[in-house]
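Engineer: Residue numbers (this note's numbering), protein chains in the order written: chain A, 1 to 864; chain B, 1 to 239; chain C, 1 to 87.
By construction, these hints were calculated from the structure, which means they are not laboratory data.
Built from N, CA and C at the ideal position, the CB exists for glycine as well.
Hints may contain errors.
Unchecked claim - Mimicking DSSO-like on lysine-lysine, the simulated pairs with C-alpha atoms at most 30 Å apart in a straight line are:
id, chain 1, residue 1, chain 2, residue 2
1, A, Lys460, A, Lys342
2, C, Lys52, A, Lys775
3, C, Lys28, A, Lys375
4, A, Lys460, A, Lys697
5, A, Lys330, C, Lys28
6, A, Lys697, C, Lys28
7, A, Lys507, A, Lys308
8, A, Lys298, C, Lys28
9, B, Lys70, B, Lys55
10, A, Lys697, A, Lys760
11, A, Lys308, A, Lys375
12, A, Lys298, C, Lys52
Said to hold, decoys possible - Derived contacts from chain B toward chain A, CB cut-off under 10 Å, selection only:
id, residue
13, Asp169
14, Glu199
15, Glu203
Said to hold, decoys possible - Simulated restraints, written as ranges between beta carbons of each label pair:
id, chain 1, residue 1, chain 2, residue 2, range
16, C, Arg32, B, Ala187, 22 to 30 Å
17, C, Arg32, A, Phe164, 46 to 54 Å
18, A, Asp795, B, Asp52, 52 to 60 Å
19, C, Arg32, B, Met238, 25 to 33 Å
20, A, Lys760, B, Pro103, 52 to 60 Å
21, A, Asp795, B, Ala187, 36 to 44 Å
22, B, Glu237, A, Ser123, 36 to 44 Å
23, B, Gly159, A, Lys760, 46 to 54 Å
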Amino acid sequence: MIEHCFPYLKLRRRYDCHPLTALWLASFTAMAWLFLRLESPVWQRLREERQRWYPHLAGKAPSVGDPLRIALQSLWLLVFRPWPQARRRTAPQWARRVGQSNQRLWSRIGAFLTELPQHASESKAMHEGAQWRRNLDTRQKHWLDFTCAAVGLVLVVVCITQPFNYVSQLVYVILLWAVAMVIRRMPGRFPTLLLIMLSIIVSCRYLWWRYTATLNWDSPLDLACGVLLLIAETYSWLVLLLGYIQTCWPLNRPPAQLPRDTRLWPTVDLLIPTYNEDLSIVRSTVYAALGIDWPHDKLRISILDDGKREEFRLFAEQAGVNYITRNDNKHAKAGNLNQALKQLDGELVAIFDCDHVPVRSFLQLTVGWFLRDPKLALVQTPHHFLSPDPFERNLDTFRQRPNEGELFYGLVQDGNDMWNAAFFCGSCAVLRRSAIDEIGGFAVETVTEDAHTALRLHRKGWNSAYVRIPQAAGLATESLSAHIGQRIRWARGMAQIFRTDNPLLGKGLTIFQRICYANAMLHFLAGLPRLVFLTAPLAFLLMHAYIIYAPALMIMLYVIPHMVHASLTNSRMQGEHRLTFWGEVYETVLAWYIARPTTVALFNPKKGKFNVTAKGGLMTEDQFDWGIARPYLVLAVLNIAGLFFAVWRLFYGPANEIGTTLVSSLWVIYNLLIVGAAVAIAAEVRQVRETHRVQAKLPAAIRLQNGRFYPCLLVDYSDGGTGVQLDVELSLPIGERVFLMMQRGEREFLFSGIVSRSHKNFIGIALNELTAQQKIDYVQCTFSRADAWLNWNEDFAPDRPLHSFIDVLRLGATGYYRLYQYLPAWTRTLTRPFVRLLAWLISYVPRFAKASPLSPTSRSECAP
Amino acid sequence: MTSLSMRGVRGGVGTTSLMAALGYALESLGERVLLIDMSPENLLSLHFNLRDSGKSGWARAMLDDQDWYKQAWGLTPTLHILPYGRLSAQESMSIEQQLIHDPQIWARRQASLAANYDWLLFDLPQRLPGHAAIGPCLLPIQVAEADAACHVLLLQQAGSNPVLVNRYDPGSQLQRDLLLIWRQYYATRLLPLTVHADEAMREALAFKQPVGQYAPESLAAQDALSLATWCLARRREMA
Amino acid sequence: MASLPAKIQLKNQAPSRNERADDIARLKVELRLPSLEYVDVSAQLELSRALKRWPLLADFPITDDRGDQVPLPVVQPVRQGKFGARK
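Between the sequences and the hints, there should be enough to build the whole structure, so can you do that?
Structural biologist: Here is the structure:
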């Protein structure tokens, strides 16, 4: 009993506490027993579950501050404790009824809004109105449209330009926000257009206000900084608007049906250009191409080898495909393609980068459109990546979130397709040979020859199409530096095209095609504006320049609606393809690097060389890419300096500037966290294996040497083997021979392999001894399956803007922590006392209790 | 009540084991099943650990002038089996004559069983046409292996009954080729599933159990379950 | 009726193992185009190779109801590596 109430000896012996500490804690425990009646059942229950209720004390050695920690946590739990269901005191009858009717009202409103578009399209009044309009003659229709447009324009201009005082502006933005939140609940395309309209009005209003009311003409420094910021803001306003136009109505083009008689199908030349890539990468592509479902007498596969390697030639001969090479390497890939085309005469040309493995249904889902539209020159399909890009790898978000390229291939090209402006991306596409001949071959003047070729095709009046079904998959860039190198090339190329073959000028393009191309190119000019945004608040904090010459409150009232509406609308339109605010992170990562090449290319398009993106490298260890991260660190240091100045100004500056200082500091903190996210991405994670494993869920079976056959689930596959999951534990020895059965279409194939790993239900099978035909069959059962990349997105959680925002901010904080971990040792010894102090302070912070564990449910994976 | 029969395209394709597996699978899906062994080999009951030296059996009862129905055994409350009985070659021929003389015997017997069972599964012998006269049958399945002999026999028989491929080995080039050819040219007759060559099926008989009980995690058991599911879907369609 | 064992469930709507493994069938389901006419060329190619591989099959050609020989598939294997007529 004494031991229980005064556990001095226990603390000394078991936890090895200092005698004074043990005395201190023991006396506290004794007083608790005395005053708090710890033996009562309530306290007993609490003490049994103390791991759950006091998680931060669970694994910790007892120390002096523990009583304070316990006290704070108990207070916290009293305030935030989740009351167990059984002991919840039932609310009084009237309160419950009010709550229920409130809930019913909201759910009825929600249901009403969700069904409103359907009701509207079915309503009689709507049909009668549409009929009435159709019965008007052309002149009356024009007058009607003209009047509506004029009235709408007048209203919009009033909304944008009318100056408001504080209260009016507040009421105005709250009303608009309320309208947006209501419209958000309605599904369909028309509410999206309404949201776009609202966002445009709010953003135009913001920009109008900025131009008319926030420039300080008196001070040259203020004016200079203000104008710089204003130019950057105008740029992002322009990109926002053009983006809305570009993606407001994604076309979602389905595949066109081919005629049943295969003799009517056109001939296709499939080209695989390569320069310095490894043969192992090209092998899978060629095997998959050999398995494309197209009549063999109408498909010709050729490897275009600029590296002139003997092993490639031998492989081409064994596999039975053409091998084409040339004397020089002028104009890199475009030159390679042009030279090869001189020897080929297929009606269509399909182009695949050497690491893009096509699926067997590729041609049957794309060529149909060429037969339907004789003026169609291009069908482009998405570039799908089966390996994580540097962002996904370093942040460990592979297959949990849409990746960086998903916005372009999932939405932007689809939107472009609506305006007949989908452009060529260099790979995974089919082009019409006569169209290429008409424009004189692939364009060689810029480093992004693909977009330039598409521009020329459009100028000549050809059409283009985009089929949004992933029909080929390749490897993403291996490291952040390779990724940035690739983007620099694209940015330079787009700026070159902007200068030499400007889509806004010249003939042959419709107005919407011009807008789409211009937006694609403007997108790459984001380097300088992003840098301006990241350093703008420092103008006030460091140099006391009023870049936005307006009271702080007014700034908030204008900026916040602008940001909120833009993210609501973008979340609605893009939510499946990019989570909100991640665009800021991607842009920040690239900003510094593309700023210079684009500016140089805008002034002098001829400078700049083609540097090939490296593919298939291996990151051998965790490292921090200091070289790449230097610009972010400079920005971070500048912003931290700004923060110090802000604190100084808060204490010593004039009183009327406190608002502005606070707003600037908030902005600086936001910038710091975004830059922190970029820093987090620079901490490269090492890759364990050379061949990339793809996760899948395919039914398969394995047969053992003794003739027993077991159904299983194929959970991953790669070039060299697969992993399967069984319903039973087989405990196979490593090195035992097994046979793997896989199905494709209606046919089954058996592959001979060896057990490489075995753990409970999971077996890894190495498939290294396949014959050439079996290797082709294997690629066609795995990478080249028609449904291989179709439901990549099924595990994605839907976009929630606020959560996404908090995620990005949290990532920023992690970035600085990672940076700290990679700093050289001497800096860590310097900062260690501070970090220890911080950790000690945080240990007092109360936590939420852990949830009670749920019982796991199991079900068979391999059920028929 | 639905009746289903299985008969080999040629002898020795594994019809009886398949029938035992199917009966077990249907019962596990909640159907009331009666397995009827129409083959003088009398092997079906061995799959269920039933050995009584052949004294019981409907053919035996017919010869000894006893009630054929009382010869059934209840393995579980919903799975019953009616063995053939041990008969000599002459005795089987005399049963054959009786059945040829009166082809409606089994049609009448089916009618009397209809109320008590959801499925009547007939395991037919490969020869003996009289024994194959079992009355109305919704799913008269022919069982084949993917080999050249069955290919020729299917051509020569030129029927329209559904065909099920048994003992399918995807490692064999000939079997793959034949299955591909049959899928193309017998598209309406060939079942969309095959039963794979799994050693568990042979071991199950040696264990005196149907494969679904002996090795429920094996591919053969899963194929039997798929077959049972297919049968239920067909019954729904044709109803 | 016997009670169902927990492991075995009769799923009316869920795709069977066969349907999940057939990539063309799943393609049609995912694209919501059940009427897409897809020609499984690789199967057709293998079929024509199969008919040539085994001499017995030539002796027993498959005939339709009127006794005419059913035509071979149109798709024939062609050796790659030809450059075509254009210079």
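Engineer: I'd like to know which numbered hints this structure contradicts. Please list them from smallest to largest.
Structural biologist: Checked against the structure, the hints that fail are numbers 4, 5, 7, 11, while the rest are satisfied.
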